[in-house]
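Trainee: If you want the building blocks of each chain, they are given just below.
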Amino acid sequence: MTSTQAVDDIVRSEYEHGFATEIASDTLPPGLDEDVVRAISARKGEPEFMTEARLKAYRHWLTMTEPQWPAVHYPKIDFQAISYFSAPKRPEDAPKSLDEIDPLLIETYNKLGIPIEEQKALAGIAVDAVFDSVSVATTFRATLAEAGVIFCSISEALHDYPELVKQHIGSVVPHTDNYYAALNAAVFSDGTFVYIPKGVRCPMELSTYFRINARNTGQFERTLIVAEAGSYVSYLEGCTAPQRDENQLHAAVVELIAMEDAEIKYSTVQNWYPGDAQGKGGIYNFVTKRGDCRGARSKISWTQVETGSAITWKYPSCLLRGDDSVGEFYSVAVTKGRQQADTGTKMIHIGKNTSSTIVSKGISAGEGRQTYRGLVRIGQRAAGARNHTQCDSLLIGDRCTANTFPYIEVKHPSAKMEHEATTSKISDDQLFYCRSRGLTEEDAVSMIVNGFCKEVFNELPMEFAVEAQKLLSISLEGAVG
Amino acid sequence: MLSVKGLRANVGDKEILRGLDFEVGPGEVHAIMGPNGSGKSTFAHVLSGREGYEVTAGSVTFEGKDLLALEPEERAQLGLFLAFQYPVELPGVNNTYFLKAALNSIRKARGEEELDAVSFLRLIKERLKILHLDDSLLKRAVNAGFSGGEKKRNEIFQMALLEPKLAILDETDSGLDIDALRVVADGVNALRSAERSMIVVTHYQRLLDYIQPDHVHVLSKGRIIRSGGKELALELEEKGYGWIDAEGQAA
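In order, the protein sequences belong to chains A and B.
Numbered by our numbering, the letters in the first sequence go through residues 1 to 481 in order.
Numbered by our numbering, the letters in the second sequence go through residues 1001 to 1251 in order.
Please keep in mind that the hints were generated in silico from the structure rather than gathered at the bench.
Just to be clear, a hint being listed does not mean it is correct.
To be verified - So the derived label-pair ranges between C-beta atoms look like this:
(1) Glu1112(B) <-> Thr423(A): 47 to 53 Å
(2) Gln390(A) <-> Leu1121(B): 52 to 58 Å
(3) Gly1145(B) <-> Asn458(A): 15 to 21 Å
(4) Glu1112(B) <-> Ala81(A): 56 to 62 Å
(5) Gly397(A) <-> Gly1111(B): 46 to 52 Å
(6) Arg201(A) <-> Tyr1097(B): 30 to 36 Å
(7) Gly397(A) <-> Gly1012(B): 21 to 27 Å
(8) Asn458(A) <-> Glu1051(B): 31 to 37 Å
This one's a predicted model, so the numbers in the text were calculated from it and none came from an experiment.
Virtual Cβ for every residue (Gly too), placed ideally from N, Cα, C.
Start from the sequences, fold in the hints, and give me the full structure.
Mentor: Written as structure tokens, this is what we have:
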């Protein structure tokens, strides 16, 4: 029996039982070919256009090669060794109680003040009791539906709103964009769809945390947010708590579309497993995030706090197509131990009087390697475009690395560009000064680091900002000395 | 409350303190004077626990504890305070936040209840009043972009808030013009009490016109070679450090 047949058999035998019941036992064997792509699409009961789009992306992916330019190092990924569809574990396979979970993980949860029930959910324990966030989520859904906001998984959206998805998916990040975007377009597992109708201000911050079916969206997540004219939405992604995850490679794609006068605020806190002391087993986070300020006076704002993953490769970007549109990027990235990050942003000014702000704060400790890579491009028609870039690196200890690669391309004489960059170290003087006032070394480091990141934290929604500060302190525990 | 016996300390291979003996009782104000390189700042740093100094002999007891065995933060929690000659800038760290964290860390270590934001702000306002400072410095980052005078005033303000049992003022007068010096000295004087001792380290007698010490010591080549009342400072001012050194050699 060939492997293709095997896949076909699995697909057939399990699909008979329908979408809902197949989940528990549903995993494709490792490997990737057209049949696997078809199988994923079939399994999710997707409309024909999606299957075709996936296949097209897959065929294009075959013609591409992995990017070599990022300043990160890792062993070559064997894409045939990955299983491209793994459904959630059966309840009987999941850990039974917190006693079976890595005590270090529990310690971190406790430090973050996460309630026991949520700890269980995060650690992947089968929880049969309905816990608070579920009922909260149900209430939220009702409020959102009243406002006309659609907030669901991409799979659901493909069933319920295929036309909306068809119209927008891949319109910001086409499958031809880059190697991982192509891979994602071919095999994306699930993700989030948000649609804000014209003139609607989304009545609450949208968070994957409150989306019941958000768990196990898998390694190839796809997010699509569409804000129609005059609408507003703030979306929070991720969680400060380290989430257990068996997939090493994560290649997500996020697309944001802001029409005339619309505003999208996208905040991320990422704290995936960074690997052990030798950097083994950590997650590779290769993400393509892009926002399209399609309409005049639209605004897209990215805020990210990145403390996890073994390797991070991401550049949340803005296409400033509408006249007077605004793009923002606020970032705090921490690399410690053996973590590596090559991250930054792209601001592509196309429309007139477009403006962008970049504030990037990189913190490197231990043997962490960090690179800021940013592109600001002012196009030929972008009269009156403005950019302000501030790019600061903070080094802790003497074995870490920080690089900055700002690319600036200006094709219009009226552009106003500002670029500031600094590199500093937490000095012994600063530590001693704090300690002589009664603060411990760890408190001192966290205070100095939080001060360094303040401009970015100010951009986060209040609750998230508090959590992010706490997270940063915990991340850098023992980083000095 | 502070007892220093036969203290010897090196910086690298160089011996800076060479058998220093020194006693401070409760509520006393001691001035330590001496020429450049006599070991004044080294002494202040060794007391506060700064790294980079190796104590080779002697002992320091503070409030009945072996001070040299404690971490800098433990010394602060015990009631020691160093007003820096060059206060350090902490960009982005809000002054109020810093002070609250410091005070609460000290209170916690002493088994006292931590202050909430409201009672802390009340306390801060009250201390500002004593020192005749305006509250603009509370909103700024710790020492960042402060003028020399503002930095020194901020040190004294921290001292007012942390209420140490022993404050070491390391060349607090350096870099201050006469008006700023008076403001800082007034602050220090407002904080004098029967429970608070001070060690005023200075190069010039000028500061001692404003902060009147109970005792004056002259440090030379890592040892105290002369001690006396405040009139010793005046004598020094008149005759210069050479006078003591010459006398020391003659004896």
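Trainee: With 31 to 37 Å as the target window, see if asparagine 458(A) and glutamate 1051(B) comply at their CB atoms.
Mentor: holds (34 Å)
Trainee: Quick check on a hinted range of 56 to 62 Å for glutamate 1112(B) and alanine 81(A), using CB atoms only.
Mentor: holds (59 Å)
Trainee: Is 30 to 36 Å right for how far apart the beta carbons of arginine 201(A) and tyrosine 1097(B) are?
Mentor: Hint holds: Cβ distance 33 Å, inside 30 to 36 Å.
Trainee: A range of 46 to 52 Å was offered for this pair. Does it hold for the Cβ distance of glycine 397(A) and glycine 1111(B)?
Mentor: Cβ of glycine 397(A) to Cβ of glycine 1111(B): about 34 Å, so the range 46 to 52 Å is violated.
Trainee: Between glutamate 1112(B) and threonine 423(A), does the C-beta distance stay in 47 to 53 Å?
Mentor: violated (40 Å)
Trainee: For glycine 1145(B) and asparagine 458(A), compare the CB-CB distance with the range 15 to 21 Å and indicate the outcome.
Mentor: holds (19 Å)
Trainee: Does 21 to 27 Å hold as the CB distance between glycine 397(A) and glycine 1012(B), or does it fail?
Mentor: holds (23 Å)
Trainee: Mind checking the hinted window 52 to 58 Å against the Cβ distance between glutamine 390(A) and leucine 1121(B)?
Mentor: violated (32 Å)
In the structure shown, a violation is registered for the earlier hints numbered 1, 2, 5, in ascending order.
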